[in-house]
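> Just so you know, the sequences run in chain order A and B.
Take 1 as the starting number for the first sequence in our numbering and just add one per residue.
Take 1001 as the starting number for the second sequence in our numbering and just add one per residue.
By construction, these hints were calculated from the structure, which means they are not laboratory data.
Calculated cross-link-like contacts (lysine-lysine; reagent style DSS-like; alpha-carbon spacing at most 27 Å): (1) A:LYS102 with B:LYS1367; (2) B:LYS1185 with B:LYS1240; (3) B:LYS1132 with A:LYS133; (4) B:LYS1132 with A:LYS215; (5) A:LYS188 with B:LYS1132; (6) A:LYS198 with A:LYS188.
Sample of chain A residues at the chain B side, in silico, Cβ under 8 Å: (7) LEU213; (8) PHE217; (9) LEU231.
Covered stretches of chain A (in silico footprint by chain B; criterion: 3 or more residues with CB under 8 Å from a CB of chain B, positions within the stretch not fixed): (10) 136-150; (11) 166-174; (12) 222-230; (13) 235-245.
Every residue, glycine too, gets a C-beta built ideally from N, C-alpha and C.
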Amino acid sequence: MRIYLHDGSFTGFLTALALALERGGQDCAIAPEKTADGAAEPELFTEYLGAGADPAKAEAMRELFERRGSAESWRHARYAFLSESPGSGAAVLAYARLLLEKGPAADHMLADDRVRRVHALSASVGGEAHMFKGFVRFTELADGTLYSRIEPEHNILTLITGHFRARLGGFDWVIHDARRGSAALYFKGRLVVAPLEKARLQENAGEALVRELWKHFFRTAAIKERENPRLQRRNVPLKYRKNLTEFG
Amino acid sequence: MCYAFRMDLQRKLEILADSAKYDASCASSGSGRGGRGTGAAHISGVCHSWTADGRCVSLLKVLMTNECVYDCAYCVNRRSNDVPRASLTPDEIASLAFEFYKRNYIEGLFLSSGIAGSPDRTMELMLEAVRKLRREFRFNGYVHLKVIPGADQGLIDQAGLWADRVSVNIELPTDRSLRLLAPGKTRETVLRPMHRLAGRIAAYRDERRSIKSAPAYAPAGQSTQLIVGATPETDREIMKLSEALYGKMRLKRVYYSAFVPVSRDSRLPALAEPPLLREHRLYQADWLLRFYGFTADELLDEKHPELDLAFDPKTVWALNNLDRFPLEVNTADYEELLRVPGIGVTSAGRILRARRAGALQLDDLRKLGVVMKRAVYFVTAGGRYAGVKKESGEAIKMKLLEHKNSDRQLDLFGGLEQAKEGLAETVTGQL
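Chain B with its partners taken away, still in its complex shape (with noise of 0.2 Å):
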């Protein structure tokens, strides 16, 4: 296969590897696919390597082209932009994405596109490449397909029978915005294929209840993504948009995209730099929406719309609700031991078994993996309390602050480690 690999192909896939990169999504999860041919999806995904931004490597994210007929000021292939263009044939896409599965490098194909010519044709051929795939090549690894907005309607619901997950980028949180940086979409648009997609997977998963045979559709879900900070939207509007995306539209992930400013125009912000501790803050948030039992509301109002970038988003919850604490570790409540910073889904867990075998004392809670350089101001075991005598948050924050600097903890992504580990063992087992 791979003698059919010419020397221009690496240029092909340099530059549409370039482009492509800026999608945040990097899953293989939540598809246990498998069977007769080559590959199988792990449900709880399987990381390949990890870019020298320390992005995880799963799959091979390409675009079919960069060519594209929109102009949107935030990205980097609108047709304004003078960029080396190139496209790949669904036979070159095929024969990529199965050499280098077979050799391990990656779990499987991520598969977008610019919009060249119709968003119909667009489709047409990224579906022709995903069903090269699945059927010459009896694939069964996994893969993402992104859905072309705009594209027909029965063209969308073939990509859900081929591709484990599917997604629309909304990109921009307000139609107010979309209307601004991206001439020719609107709201409208991008909605209106995610809510048919989420009509299908709803619609095939009862039929997979009642029939064990019927077929898969996007097993792994649905998902979208944000630009976080190249248009004016507080955080609270994007979390609220988050919130219900999981909630109506019933979505896997909501990926979060920090603005790499990738043009000069007038209506973008100035940045100097992408807003990387606002993205991670959010996807702090993101996280309590989904596995901590949070509301969008109650990390967030209108009079605190954005995230504080000092603290992460829990801590802040708990230093506006110390009447709710400190909480007695051996008594409380799985729900609310997730509620108290420093205690994660993993060690919450940890904590409920540890307490049938006897009770807990403050000094088995490190053992427990409980972060205690927060959770002390926040518990109590066996009545024994061990953070500052008086209980003010302010207090509280100096003290917690005290140890940021002295741990000159600029470690930005500690929290999301911490994160990750945890939701390994969730049952969504979403990574």
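Only chain A is shown next, with the shape it has when bound in the complex (with noise of 0.2 Å):
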């Protein structure tokens, strides 16, 4: 057995795929050096290799997703990347050697596990970005800049940013993943995603009155003959709520 490791970008996850598919993709894995609770333990038998990040042989596989499949197993693909969940290499690696063997048709087996997987995944990803449009609570701090905390699950922001950009372009804003220690900074019409490990912040004067009157809203729109917190739970996971201002 022998597993690529990736330094967690797209480019390194790419790379270690074409390696793994250079070798026909059997008997190999590929998985990140570092996971969200440190280096996992070594295995027996097992050889580890770094995969580096080459963009040549990202560019590769970016075409390979394309070419084989379409500009939708290409989507499906980054989005898996971006679920971060344990299985997602493993997942992408069994769904580029079905393109490589079916081609376009690959994409229509729904009923294939190889197929469901990736599409799972990438679905889930894209119903939390979706979710996300509506989950960002912005704070407006002493200078004007509009700053936003969010604990996404899978590693959303870069799917978040062009919406935000289209309505607030006119603004300043950050949005931090806290989480993942990331956040996308708006500055004078410019996108940046740079690491943000802590925010120091000041809020506006008003600040307080606005977030007051928004909560007071939502708990009055709330029939009480019609009160049902599960279904209320189920729409907005408790996982969520921490940064949501109307459940603080």
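With the hints as a guide, bring the two chains together.
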């Protein structure tokens, strides 16, 4: 068994994928160097190789997905990577092998587990990205910048920046993924994604009042005779409530 | 901007959100507005939160005023009701909406109102609020604007120029009920502005077909609401009305609102609680009209004018039409698949797609998202059938009921969630 380790970047992930496919994809796997809970315990009889990050190899992978499959296959692979779930490397590897074997027909094989796994990961990421278009909550800082803290399950930050750029293009804003220590910073019309561990914030003076108005509105909008906390929990899972103003 | 907010604004907002909450419409979909300024609308809509009753919050839903000259028995804002009254100025409405939007609390504004003074004056002030929001704040987010029946035609016409969606609530399904519970209102006064708006929407749409730069008029269309359970109309009467509204009036949505007894009045039924299950069944039937190719007559007839509370309307239809089943999933067309209980818009699409890669087995169907505990009685795959041997409606009913009891499926909104999920992927994208 051989495991190609990648640095966590998408280019690194695709490089590891390319190396694994060069060996036919059999008896090998890809995994991140670092996982959320530190490095995994090395297993016996397994060879660990750093894949590095080779842009040319990554580009070849993009072509593979787009040519053997379609723009949609490529999107599924990207989203599956962004899921950061433990099985995503293996799932994308199996999916890529299937595309090599079957071509575009592979994406029609919706009952095949190799396709289902990647489609399911991709749907989960796409779904969470859509939810966060609603769940981002900005606070206005003293200098007028809008700041939001999020802690999504998947790495969806880059999937929502376009949405906020289109609607809040006239403001400066920051969306801070506190779980991953990175942030999308939008200043004077330019967007940068950069590491950000801790943010020191000074709120605008009127902020508490606007927040109170919103909370009052939110509480009032519920119809008492229809109360249904289970339904509410399904739509707003508890894990997301920490950063939602109206639940604070 | 927010420094201008005063503390009494909180109290006013509370009163006016409280009186607006019985309007079921929460959609922010159907418009792709954007451009210079602040804000954009998302074609499939975005929910920002869900209240304790599990309903989606996507818009700042408020009344401009809860004062009202009318005395409609079903309405919390009726003149004779002893409740605190308040009003917001156009400035307050516009800046509240803007400040909430900027923080991504909401997708936009839903503005309704009681009728204070005259319908014209009320409509003018509402238009003023939306105009301020669009012009002064250069706001491109979503706006749902209620139109006040009885207002001048010229004012009604303006509504669609500023708003993404416009609506007039019918509230009571028949003229008879309206006369009984809403003195001063008739069917005619409600339908006239709806007609007018439908005409405007169609005319602007035609113009835009030839001239791309022509202004958009209510790009997210028109909707309405019916109160369910306050008056004795049957489900059949309600569904026939909805069908006509979707067909002739080209409405985008009809909302159904289970009557919440907001007053004790001898003209109103004494309900222990709002008829939520009935409301849920009406939404399911509504979905069947809009996305599944059913007609109201197929679902309900004179002998069976009420929807079955124990089974969803598609299952009831299938049980009454067993001669059309079981259906072979490898050869059935899309419209036929949609009529199978347990198969929705999403899973029917998946079946078509997966069939292109090879013949489907029964086992595959679950993997494609088909709810097999319902579909199993109505489909074959490669000629194989796994339902009950004796194909009688009663036997299937018993089996379906068994499942229900074993699941303790009192989960009212499971079906709605599923329908919503299927809905999100349809072309119209009406959430």
